[in-house]
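Peer 1: Dock chain P against chain C, hints included.
2 protein chains.
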Amino acid sequence: MNGLMMDFQLTLDAVLRRAEQHFHKKEIVTRLPDKSFHRYTYRDMAQRAKKLTLALKRLGIQKDDAVGTLCWNHYQHLEAYFAIPILGCVLHTLNLRLHPDDLVYIANDANDKAIIVDESLLPLLDSIKDQINAKTFIVISAGGDLPEGMLDYETLLAAEDVADFDDTALNLDENQAAATCYTSGTTGKPKGVLYSHRSMVLHSMAAALPDVLEIRESDCILPVVPMFHANSWGIPYAAAMAGPKLVFPGPFLDPESLLSAFVEEEVTVTAGVPTIWQGLLQMLDDDPKRFDLSKLRNLIVGGSAVPVSMLKNFQENHGLHITQAWGMTELSPLGTVSGLNSELKTESADKQYEYRAMQGNPVPLVEIRGRGDDGFIPWDGEAMGELEVRGPWISSAYFNRPDAADRFTDDGWFKTGDIVTIDDIGYIKIQDRSKDLVKSGGEWISSVDLENAIMGHPAVAEAAVIAIPHPKWDERPLAAVVLKEGQSVTGDEIKTYLADHVAKWWIPDAIEFIDEVPKTSVGKFKKTELREMFKDFEFAK
Amino acid sequence: MNGLMMDFQLTLDAVLRRAEQHFHKKEIVTRLPDKSFHRYTYRDMAQRAKKLTLALKRLGIQKDDAVGTLCWNHYQHLEAYFAIPILGCVLHTLNLRLHPDDLVYIANDANDKAIIVDESLLPLLDSIKDQINAKTFIVISAGGDLPEGMLDYETLLAAEDVADFDDTALNLDENQAAATCYTSGTTGKPKGVLYSHRSMVLHSMAAALPDVLEIRESDCILPVVPMFHANSWGIPYAAAMAGPKLVFPGPFLDPESLLSAFVEEEVTVTAGVPTIWQGLLQMLDDDPKRFDLSKLRNLIVGGSAVPVSMLKNFQENHGLHITQAWGMTELSPLGTVSGLNSELKTESADKQYEYRAMQGNPVPLVEIRGRGDDGFIPWDGEAMGELEVRGPWISSAYFNRPDAADRFTDDGWFKTGDIVTIDDIGYIKIQDRSKDLVKSGGEWISSVDLENAIMGHPAVAEAAVIAIPHPKWDERPLAAVVLKEGQSVTGDEIKTYLADHVAKWWIPDAIEFIDEVPKTSVGKFKKTELREMFKDFEFAK
Chain C
85 MNGLMMDFQL TLDAVLRRAE QHFHKKEIVT RLPDKSFHRY TYRDMAQRAK
135 KLTLALKRLG IQKDDAVGTL CWNHYQHLEA YFAIPILGCV LHTLNLRLHP
185 DDLVYIANDA NDKAIIVDES LLPLLDSIKD QINAKTFIVI SAGGDLPEGM
235 LDYETLLAAE DVADFDDTAL NLDENQAAAT CYTSGTTGKP KGVLYSHRSM
285 VLHSMAAALP DVLEIRESDC ILPVVPMFHA NSWGIPYAAA MAGPKLVFPG
335 PFLDPESLLS AFVEEEVTVT AGVPTIWQGL LQMLDDDPKR FDLSKLRNLI
385 VGGSAVPVSM LKNFQENHGL HITQAWGMTE LSPLGTVSGL NSELKTESAD
435 KQYEYRAMQG NPVPLVEIRG RGDDGFIPWD GEAMGELEVR GPWISSAYFN
485 RPDAADRFTD DGWFKTGDIV TIDDIGYIKI QDRSKDLVKS GGEWISSVDL
535 ENAIMGHPAV AEAAVIAIPH PKWDERPLAA VVLKEGQSVT GDEIKTYLAD
585 HVAKWWIPDA IEFIDEVPKT SVGKFKKTEL REMFKDFEFA K
Chain P
85 MNGLMMDFQL TLDAVLRRAE QHFHKKEIVT RLPDKSFHRY TYRDMAQRAK
135 KLTLALKRLG IQKDDAVGTL CWNHYQHLEA YFAIPILGCV LHTLNLRLHP
185 DDLVYIANDA NDKAIIVDES LLPLLDSIKD QINAKTFIVI SAGGDLPEGM
235 LDYETLLAAE DVADFDDTAL NLDENQAAAT CYTSGTTGKP KGVLYSHRSM
285 VLHSMAAALP DVLEIRESDC ILPVVPMFHA NSWGIPYAAA MAGPKLVFPG
335 PFLDPESLLS AFVEEEVTVT AGVPTIWQGL LQMLDDDPKR FDLSKLRNLI
385 VGGSAVPVSM LKNFQENHGL HITQAWGMTE LSPLGTVSGL NSELKTESAD
435 KQYEYRAMQG NPVPLVEIRG RGDDGFIPWD GEAMGELEVR GPWISSAYFN
485 RPDAADRFTD DGWFKTGDIV TIDDIGYIKI QDRSKDLVKS GGEWISSVDL
535 ENAIMGHPAV AEAAVIAIPH PKWDERPLAA VVLKEGQSVT GDEIKTYLAD
585 HVAKWWIPDA IEFIDEVPKT SVGKFKKTEL REMFKDFEFA K
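Going line by line, the protein sequences match chains C and P.
To convert, take the position in the first sequence, counting from 1, and add 84; that gives the working numbering.
To convert, take the position in the second sequence, counting from 1, and add 84; that gives the working numbering.
If we strip away everything but chain C, and leave its shape as in the complex, we get:
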């Protein structure tokens, strides 16, 4: 017997209606290419999103078609975030940092029929234009001449009358595909994740929860994380649901631009990868009093693990609180958030940092388990196993990739590829990517922990650990270390330092100094490349 509740579909048009009806006066601010700020309201956004829907329809875009965006974070991108899914189409946020070959691959794999592109990114589009199937290009520009055959975004919108938009005729099913992102895998071809309206709406509501990202109407949020990267961690949709002021940084992700935006717009919450905050930290360290960041209550960090040293430095030297979140493109992306629960709130500062550096507890409706060699691991904070997850905003399959079915278990869980420990209240700590673990003498060494320990050394800017075959121990760790500017230290000094911080058998057999750790398009260490660099390295017998 079913309940007698309304069959109200969880679709993004409901989120847009809410934004327009209740937050219409609230501001959306964007840093333009000339560095000035563009300002308008949620009402403007909603009206223009509806016009974009009409314009796309007029261009022949049909239900289920994919429409790509090759854009930075700005208000027109937000309009596309709503317009495309509401039309029953698939928003495909193209990652502009991908290699052009990969861009061609994903644009064609997703069947993009049209692409909305920033004028500043036309050179990139140009490099792939002839190889992709999309033939319609809509350019977001400040006006002026466009390349032959391309359409102007503003001209298209100006031709539409918002009164022609009929909200009641959408008839979207909540399971309808709404958007796609491709995983920026370090090996193999990128794989498409296909989100539904339902998954987006549920993810938005969960993201706003007090123990998750805590988004309220009175906030001002600046997502540094790109809108072409895992839905900007769900912030655009969660914002439209909760109503905070939104600030988009445009293409300016340098510390100076971000810090000044935080101050001028009174930003309360921001979100990005550790590399971004590392840069900010440097600038803050250089002149701690220059920026008044007293309104900024939360820096959300994800994408890579945050070293304790960074948490500490932000907190103790600048009074800024970092919240670590963990997710994946396949998770929409939110999986866990590392807050301090009431038990941890009475613990020592060190213990708190230790927990805050973990990946934390799952978001409501996300379920976790760890699978070791002998079945599911106990939740004891010690046993390591591969993290498996399930929930309403987690992939059940990749688009068009039956060959990747092995990433899903027979009983419907997603295998994350992350090796974790889970403690007795379900805090997870990622020890490694499954393929990055160092297996020494039958025991596992967490390259992530080791990297964080090395990065705790005052002279070290970055450190990446890889496994090198070893005649006796099977594998032993090699650390590739980047020193801070003007600093010098020897490998032996680092080893001596490490002796106080990790088990003796974890200390890397080799410390190699490099200029830069190779990174993926989203800022993660690219260990494949590092392994290539050291492929001929041999330990002495």
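Bear in mind the hints are in silico, worked out from the structure with no lab data behind them.
A couple of the hints might just be wrong.
Pairs involving identical chains hold if they fit within one copy or between any two copies, as the list cannot separate such chains.
To be verified - Calculated pairs, DSS-like style, for lysine-lysine (alpha carbon to alpha carbon, straight line, at most 27 Å):
| hint | residue 1 | residue 2 |
| --- | --- | --- |
| 1 | K429 | K379 |
| 2 | K273 | K608 |
| 3 | K435 | K109 |
| 4 | K141 | K579 |
| 5 | K429 | K109 |
| 6 | K141 | K213 |
| 7 | K556 | K523 |
This one's a predicted model, so the numbers in the text were calculated from it and none came from an experiment.
Peer 2: Frame of chain C; chain P shown alone:
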């Protein structure tokens, strides 16, 4: 084309798993009939809920069967809140304040097969036992002899082994009926509202949002609102999802018991109807320093409108913040919450109180509109119309009542019966129940506003306004007034006072002093009875 997301069903077993896995150490505290506190954890709760599921199955309870509860707020009631729906059955929380005839009616209308009852409520059960179809009675007692043929709750649980509970065999569909509550209508037979798992899970997540009730793991929540009244406003399920400490008051809802529980258990959030807080206020006013309520950050009030005077008194004399919420049994029950948005935060204190005394903005995923005589009303804060709502936790029909289909519009909205104004950011203010408006000379007078104005008079404890037929104006208001103990005031003095607070033509033609305003089982003014009292009243010609 559908998205490729997991088909993860929004069912209450997922909420219970979360509570058990992540909040298992957190406390659930209950005041027992002997006034001492019983303590156990969410893990204990989950384990016992599973045992109750097994016990009910053993008693022959089958999928879709309804199981009634006739209980105060306590931990066993919470166990039933999970056990019954997870079994695929319908939790029917019987309102113990209903007239026995109504109890018989709803128990039979819902097809209750069994009833779980507090020992202290056996006399009430006894008065209806022979007229209801349920033949299985499970008594929550402190031990000792039970009436012939009745089963002991603890004995049933003790006979079960939690290992027999198979989580993976539940296979619940999210649309499965989970619970039912009956509206305590002032006219006609109570009508059954049938909740689904989906509506409960979505409502729980929404309830916990920062701009709604704001429930976090570090909170301690004491729901005064009965668990037999509109799901205790969703708090039990929202708590299990978010993990706060929970404190149940048992049958002790007197100010002294509540205030001492707030202090001893360090309660941060509580929720109940205005009558409860009126009593507390009196005790606090009498001795403001007696109770240390510094941890209490939010008193959620619903069920009836809160007069500004009460908001002010709590805030200014006791530093306690009241958040007004509005809902209905048909809304699971949350519809709107009256927080201050960022615009209002810079307004004067008076303006803020005025807004906080409104019903506020809809909760995410709840949509509103107002229907006047000439179509939908503008959102101008002035036009009055009947509030219509829709959303995923709102009734689409009453159980077994095709005759009540007129409460739903053709396009699928629920007609609340409340007359409201809606301002330009969607704050609603209830002016009246549609049947309680006073229509004077073609204009509407809001009895609620008038009552609040009268209750602002220092000598007045309560005031209820009804319409009386008038030879010239069609209807004119009559105010039935209850004075505070030891106070005296004349009707003319009240009229003089009102002249400063309402339009002149709103001033009641008659002020009648009574000992008590008759109330419904959930503490709302029972205007039908008041009208009966004054049915022979005539205005002079």
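Peer 1: Work down the list of hints and note, for each, if the structure agrees.
Peer 2: Results of checking the hints against the structure:
1. K429 x K379: Cα proximity of K429 and K379: in one copy and across copies (23 Å, 16 Å).
2. K273 x K608: Within one copy only: 17 Å inside a chain, 64 Å across chains, cut-off 27 Å.
3. K435 x K109: between (43 Å within a copy, 19 Å between copies)
4. K141 x K579: Classified as neither: same-chain Cα gap 63 Å, cross-chain 63 Å, threshold 27 Å.
5. K429 x K109: between (38 Å within a copy, 15 Å between copies)
6. K141 x K213: within (22 Å within a copy, 64 Å between copies)
7. K556 x K523: For K556 and K523, the Cα distance is within 27 Å only inside one copy (12 Å; across copies 94 Å).
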